[in-house]
Amino acid sequence: MKVLAVCGSGLGTSFMVEMNIQQILGELGIKDVEVSHSDLSSATAGDADVFFLAKDIAEGGDHLGNVIVLESIIDMDELREKVTAVMKENNKL
Amino acid sequence: MDGFLKLIVDILSQPAILVALIALIGLLAQRKNLPDTLKGTTKTFVGFLVISAGAGILSGALAPFGEMFQQAFNVSGVVPNNEAIVAIALTEYGSSTALIMFFGMVFNVFIARFTPFKYIFLTGHHTLYMACMLAVIFSVAGFTSFWLILTAGLALGLIMTLSPAIVQPFVQKVTGNNNVALGHFSAVGYAASGIVGKLVKGKNSRSTENINFPKGLGFLRDSTVSIALTMVVIYLIVALFAGPTYIEENLSDGTNYLVFSLIQAGTFAAGVFVILAGVRLVLAEIVPAFKGISQKLVPNAKPALDVPIIYTYAPNAVLIGFFSSFAGGLVSLLIMGLTGTVMILPGVVPHFFTGAAAGVIGNATGGLRGSVAGSFVNGLIISFLPLFLLPVLGDLGFANSTFSDTDFGVSGIFFGTLANYAGQIGIVVSLVVILAVMIGLNFKGTKNVIKQEPLKEEK
Chain A
1 MKVLAVCGSG LGTSFMVEMN IQQILGELGI KDVEVSHSDL SSATAGDADV FFLAKDIAEG
61 GDHLGNVIVL ESIIDMDELR EKVTAVMKEN NKL
Chain B
1 MDGFLKLIVD ILSQPAILVA LIALIGLLAQ RKNLPDTLKG TTKTFVGFLV ISAGAGILSG
61 ALAPFGEMFQ QAFNVSGVVP NNEAIVAIAL TEYGSSTALI MFFGMVFNVF IARFTPFKYI
121 FLTGHHTLYM ACMLAVIFSV AGFTSFWLIL TAGLALGLIM TLSPAIVQPF VQKVTGNNNV
181 ALGHFSAVGY AASGIVGKLV KGKNSRSTEN INFPKGLGFL RDSTVSIALT MVVIYLIVAL
241 FAGPTYIEEN LSDGTNYLVF SLIQAGTFAA GVFVILAGVR LVLAEIVPAF KGISQKLVPN
301 AKPALDVPII YTYAPNAVLI GFFSSFAGGL VSLLIMGLTG TVMILPGVVP HFFTGAAAGV
361 IGNATGGLRG SVAGSFVNGL IISFLPLFLL PVLGDLGFAN STFSDTDFGV SGIFFGTLAN
421 YAGQIGIVVS LVVILAVMIG LNFKGTKNVI KQEPLKEEK
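Going line by line, the protein sequences match chains A and B. If you're matching positions, the first sequence starts at 1 in UniProt numbering and goes up one per residue. If you're matching positions, the second sequence starts at 1 in UniProt numbering and goes up one per residue.
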C-alpha cells in the first residue's frame, strides 16, 4: 500500500505531513505502508492508493481520486484519526 | 601521499559527494539498516546532480531573456526566483553551500539548546537556499575554507533561530497556540504585515473570512502552472518591446520571435521543475535526520514549519493577500521604471506564497484592512529588497535572477554592507555579539525576549 502527501511545491508542507504520517504508522505498528511526498503537478492518480492534501489546495486535487483533506496541517490528532481510519479501511489494523 | 591528498580534495570539492556524505552521517546516526542507508545516500547524491542539470536548462532560458530585456528597455530585468538563482550559484559554490548547511543545522540545534530561542528550522529547502546565499556573500567578503564554513554556518544558525522568533507573536495570534512556529525566510515581510495590520485596524474592522470571496484560483498554488503562466506573459511582453528583427536575427536563429519566447518561458518552468525534483531528493534524508536529532537534543523544541501551515486559518485572506502583494509588486515596478533602476519583475510564486501569508497575518492583527494593507507592504518590500541585494552578490548579481524572499534580502544586505564597511572583522564581531546577547537572555526574564530580538536582525 502506498500513501502520498501532496502540497503546492512538494517541498515543505507535504514533507512534514509525510514525516508525521510515518510517525503515526510507527505508533500504530504498521510496517508495510510506503509514504512519500510530491507536488500537485507531478502527482497522478496512479501514484498512490491514498492522497493527503491540506484543505487550501483540495480543489486542485480532484484528479487524484482517493483524497483525504486535512483541515489543519499541524493538528496531529486530526491526522492520527484520519490515518487510523484509512488503515482500518485497508485492513492494516 | 600526494595522490591520496588530491583524492581527498577532489572528493570534498564535489558537492554531490559531500551532501551524500552528510546524508550518510545522518542515516548512520539514526542507526538505519543497510538498504535504507544505501538508498538514502544514493538518492541524495543523484539529487544534487539533478539540480545541476536543472540549472543548465534554466540558464539557457534566462540568457536570451536578459538580452531581450536590455534591448527593449535599456536596463536589466531581474526575475526573483529562489530555485533559479540557487541552482546557478550551486555550480560554483556547491561544496561550501553543503558544508554551511550542515554546520548551520548544527548551530541551530546548539542555539536552541542554550538560548531561550527554542526554534528548530525544519523547512529544508529554505535552509539550503540560505546556505547558498551566505556562501556567496561570505565568499565575496573574502572568507575562505574553514573560516567561510564556520562564520557562514554560524550566521545560518542564527538566522534559522531568529527568523521564526520575529513572526512568532503574530503566528501565535493566527494559530492560537505557541507550540508551532513558522519556518519561512520571509519573516520580515510577515512581521511588517502584522505591524501594518495593527496600525490600520479600524474601529469595527471585520475579518476577511466574513466576506464572500470568489474561489477558483487554487490552481495557482501549483507552482509549475503559476511559473509557466507568469513567464509566458512576461516573456511575450518583453518580446513585443524588443521587436521581431532583433530577436530573430540575434537570438532565435530565424524562428518567429513570439514562438521562440513562448518556448523559452516554458523552458524556464521546466528548469524549475527539474530543480525542485533535485531539491526533494537532496532533502529526503537530511531533514528527517535533522528533525530526529534536534528533538532528542533540545527539550521543548518548537518546530518551525513551512508557510502553508497558516493558510488554512484564513483561506480568503490567502487570495486577498496574493492580489494585494502582487499589486505592491506592480506599483514597485512602475516606480523602478520611472527612476530607471534595474527592474525587479513581480513573480507570481513569491507574491502568492509570501503575499498569502502576509494576508493571513495582516487579517489576524487588523481584519480586512490589515490584510490588504499588510500584504501590499509585503509586496513593496519583496520588490525593493532584491534591488539592494544585487550589489552584494558579486558576479551573481548579474544573473538575471535573484533571491525573492525578505529574509534573504535583509540578511544578505546586512552581512554584505557590513563586509563593505567593517570587513571580515565586522562580520565576526557582529555574529559573536548577536550570539552573546541571545545566550545572555537566558539569565534575564524570558518575557520580553521575542520583542527585543527582531530589531537586531532588521538593522
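You may find that some hints are simply not true.
[Claimed, not checked] Listed next, the stretches of chain A that the computed footprint assigns to chain B, with coverage defined by at least 3 CB atoms under 8 angstroms from CB atoms of chain B:
#1 7-18
#2 51-57
#3 78-87
Hints listed in this document are in silico derivations from the structure and should not be mistaken for laboratory results. Built from N, CA and C at the ideal position, the CB exists for glycine as well.
Quiz item: Checking against the hints above, which ones are violated?
Solution: 3
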